[in-house]
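S.K.: Protein chains in written order, with the working numbering: chain A, 261 to 403; chain B, 261 to 403; chain C, 261 to 403; chain D, 261 to 403.
Worth flagging that the hints you see were computed from the coordinates, not collected in a lab. Hints are supplied without guarantee of correctness; some may be wrong.
Copies of the same chain look alike in the list, so a pair counts if it fits in one copy or across any two.
Simulated crosslink set (SDA-like; lysine to any residue; CA at most 25 Å straight-line) [what the hints assert, rightly or not]:
| hint | residue 1 | residue 2 |
| --- | --- | --- |
| 1 | K393 | T348 |
| 2 | K393 | R345 |
| 3 | K393 | T303 |
| 4 | K393 | D302 |
| 5 | K393 | I333 |
| 6 | K393 | P335 |
| 7 | K393 | A346 |
| 8 | K393 | R283 |
| 9 | K393 | E267 |
| 10 | K393 | P349 |
| 11 | K393 | N300 |
| 12 | K393 | E284 |
| 13 | K393 | R361 |
| 14 | K393 | N304 |
| 15 | K393 | Y265 |
| 16 | K393 | L362 |
| 17 | K393 | R264 |
| 18 | K393 | P301 |
| 19 | K393 | P329 |
| 20 | K393 | E332 |
| 21 | K393 | E364 |
| 22 | K393 | S363 |
| 23 | K393 | A282 |
| 24 | K393 | V266 |
There are 4 protein chains.
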Amino acid sequence: MCERYVESVRHSHELGIQIIEAREQSVRAVMPWQERLVGNPDTNMIHGGAIFAFLDQLGGLANALRVFPTFEITPTIDFRIDHLRAPTPGAAIIGEAECYRLSEHVAFVRLEAWAEGAEEPIATGMATYMRMKVPNAGTVVAP
Amino acid sequence: MCERYVESVRHSHELGIQIIEAREQSVRAVMPWQERLVGNPDTNMIHGGAIFAFLDQLGGLANALRVFPTFEITPTIDFRIDHLRAPTPGAAIIGEAECYRLSEHVAFVRLEAWAEGAEEPIATGMATYMRMKVPNAGTVVAP
Amino acid sequence: MCERYVESVRHSHELGIQIIEAREQSVRAVMPWQERLVGNPDTNMIHGGAIFAFLDQLGGLANALRVFPTFEITPTIDFRIDHLRAPTPGAAIIGEAECYRLSEHVAFVRLEAWAEGAEEPIATGMATYMRMKVPNAGTVVAP
Amino acid sequence: MCERYVESVRHSHELGIQIIEAREQSVRAVMPWQERLVGNPDTNMIHGGAIFAFLDQLGGLANALRVFPTFEITPTIDFRIDHLRAPTPGAAIIGEAECYRLSEHVAFVRLEAWAEGAEEPIATGMATYMRMKVPNAGTVVAP
Numbered sequence: 261m262c263e264r265y266v267e268s269v270r271h272s273h274e275l276g277i278q279i280i281e282a283r284e285q286s287v288r289a290v291m292p293w294q295e296r297l298v299g300n301p302d303t304n305m306i307h308g309g310a311i312f313a314f315l316d317q318l319g320g321l322a323n324a325l326r327v328f329p330t331f332e333i334t335p336t337i338d339f340r341i342d343h344l345r346a347p348t349p350g351a352a353i354i355g356e357a358e359c360y361r362l363s364e365h366v367a368f369v370r371l372e373a374w375a376e377g378a379e380e381p382i383a384t385g386m387a388t389y390m391r392m393k394v395p396n397a398g399t400v401v402a403p
Numbered sequence: 261m262c263e264r265y266v267e268s269v270r271h272s273h274e275l276g277i278q279i280i281e282a283r284e285q286s287v288r289a290v291m292p293w294q295e296r297l298v299g300n301p302d303t304n305m306i307h308g309g310a311i312f313a314f315l316d317q318l319g320g321l322a323n324a325l326r327v328f329p330t331f332e333i334t335p336t337i338d339f340r341i342d343h344l345r346a347p348t349p350g351a352a353i354i355g356e357a358e359c360y361r362l363s364e365h366v367a368f369v370r371l372e373a374w375a376e377g378a379e380e381p382i383a384t385g386m387a388t389y390m391r392m393k394v395p396n397a398g399t400v401v402a403p
Numbered sequence: 261m262c263e264r265y266v267e268s269v270r271h272s273h274e275l276g277i278q279i280i281e282a283r284e285q286s287v288r289a290v291m292p293w294q295e296r297l298v299g300n301p302d303t304n305m306i307h308g309g310a311i312f313a314f315l316d317q318l319g320g321l322a323n324a325l326r327v328f329p330t331f332e333i334t335p336t337i338d339f340r341i342d343h344l345r346a347p348t349p350g351a352a353i354i355g356e357a358e359c360y361r362l363s364e365h366v367a368f369v370r371l372e373a374w375a376e377g378a379e380e381p382i383a384t385g386m387a388t389y390m391r392m393k394v395p396n397a398g399t400v401v402a403p
Numbered sequence: 261m262c263e264r265y266v267e268s269v270r271h272s273h274e275l276g277i278q279i280i281e282a283r284e285q286s287v288r289a290v291m292p293w294q295e296r297l298v299g300n301p302d303t304n305m306i307h308g309g310a311i312f313a314f315l316d317q318l319g320g321l322a323n324a325l326r327v328f329p330t331f332e333i334t335p336t337i338d339f340r341i342d343h344l345r346a347p348t349p350g351a352a353i354i355g356e357a358e359c360y361r362l363s364e365h366v367a368f369v370r371l372e373a374w375a376e377g378a379e380e381p382i383a384t385g386m387a388t389y390m391r392m393k394v395p396n397a398g399t400v401v402a403p
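Sequences are here, hints too, so could you generate the full structure?
M.R.: Here's what the structure looks like:
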């Protein structure tokens, strides 16, 4: 399910997102280092905008896991990201998102990102997403 | 100064950011529609991650204008973005950032984005940036 | 309508909130200085918690004005406040809230606070509120 | 140290904050139910403004613990709070704050609150605080 989700979003595909582990309400994935995700060639670090986009995608994925096997579209309402450290130059980014609360209309998600191989996070986030049921979508079935 | 700033950040360059107007503490710019900024080919709308990256760049630029002609690096501390509406399919995005408060160490910025040709904003933001003086940078001089 | 709203919320009443001006989607009010709102008696400044509570109330009020004459309850989803400056010691706080976007389920609000007599804001905010229709509430009628 | 900290802030004192446990970079405390912290007498629930003020205090306390035995003042830069559920009527609020990252000038804090006796949180938060060294303050000594 996660892989099809990532495939279905061109931007996720461009970011090269690969799922590491999917759980009941959380997901962990990697965004490999790519030259075109670098903000400043002098530093070789992945740009903050790519890290945001990566985490925002993971938030949507955590929501999908939480409501699985039903299907909802969950556009982002608002997203806060805190930048804690510069990522390691040349390193891939690991991200994690957890949908820790589902109210009637809102999914609440917390997020975290690390440079691969480093212990301390480079970014943390908190976001809310709107739950939109897809009429007649039924449940997700295996292909 | 703004154009050199945009040129110097590869990610800004990839986003195709073009400055419309630079003022004392604010900046307005456009991010033209590009196929590779589209999240979902069915909708043709620019992806939220690109809009975030665009606004985050404009925030840094507003800070640079506010402290001009001195020079500072202002990495993002934290950034909140609210998504108000889906952008018009196929439309460029206009963005505006204002550095409305400069404390000793922190620059406070408010941001807004519109789809070109539409009146209502698609996103609003609030962010803080860390002020880092560059030793021996002197002031920015005209080329 | 605003006055009854403020009266109906004990905490607003404790804060001493008085409406200055109500418009179609925004409201301006004052929270007079009171000794018990002071955080640190050495400074005589109103505490950040009281300023947050004041602005959060004004957000709910801006929402009520925006949907008037229909009636909705709008609990806060999330609220971001930025502290720009310390308030003037002994000064009342002026606050303003604008409900600048109403989506199907969410009200988006921006907020600002000043110390009375000062020009520069002490705090800015961005918040989202959940729209909850009250069954059988009808519309608000004059007393 | 924590108790003196709470005593020194009148607003903390008004909120009745009592420390449960202090660790190296985090703190857990309780804010007992009080009639004057109730927003709406019909519900008997502690008001969101009081919960914000409580958590904001705990954030400052977590920072103090993290830099102990040195002493810093850490005014709030910005604070995001997400409201997940209504608190239990008549219940005290338990809060927890962790200073999970200290950069040169900024302390990053995550926060959470529960109604006493309930398992699920009522609010989560993310905040940044400015680190201000106090000249000639030396280190904190036992009384």
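S.K.: Tell me the hint numbers this structure goes against, listed in increasing order.
M.R.: none
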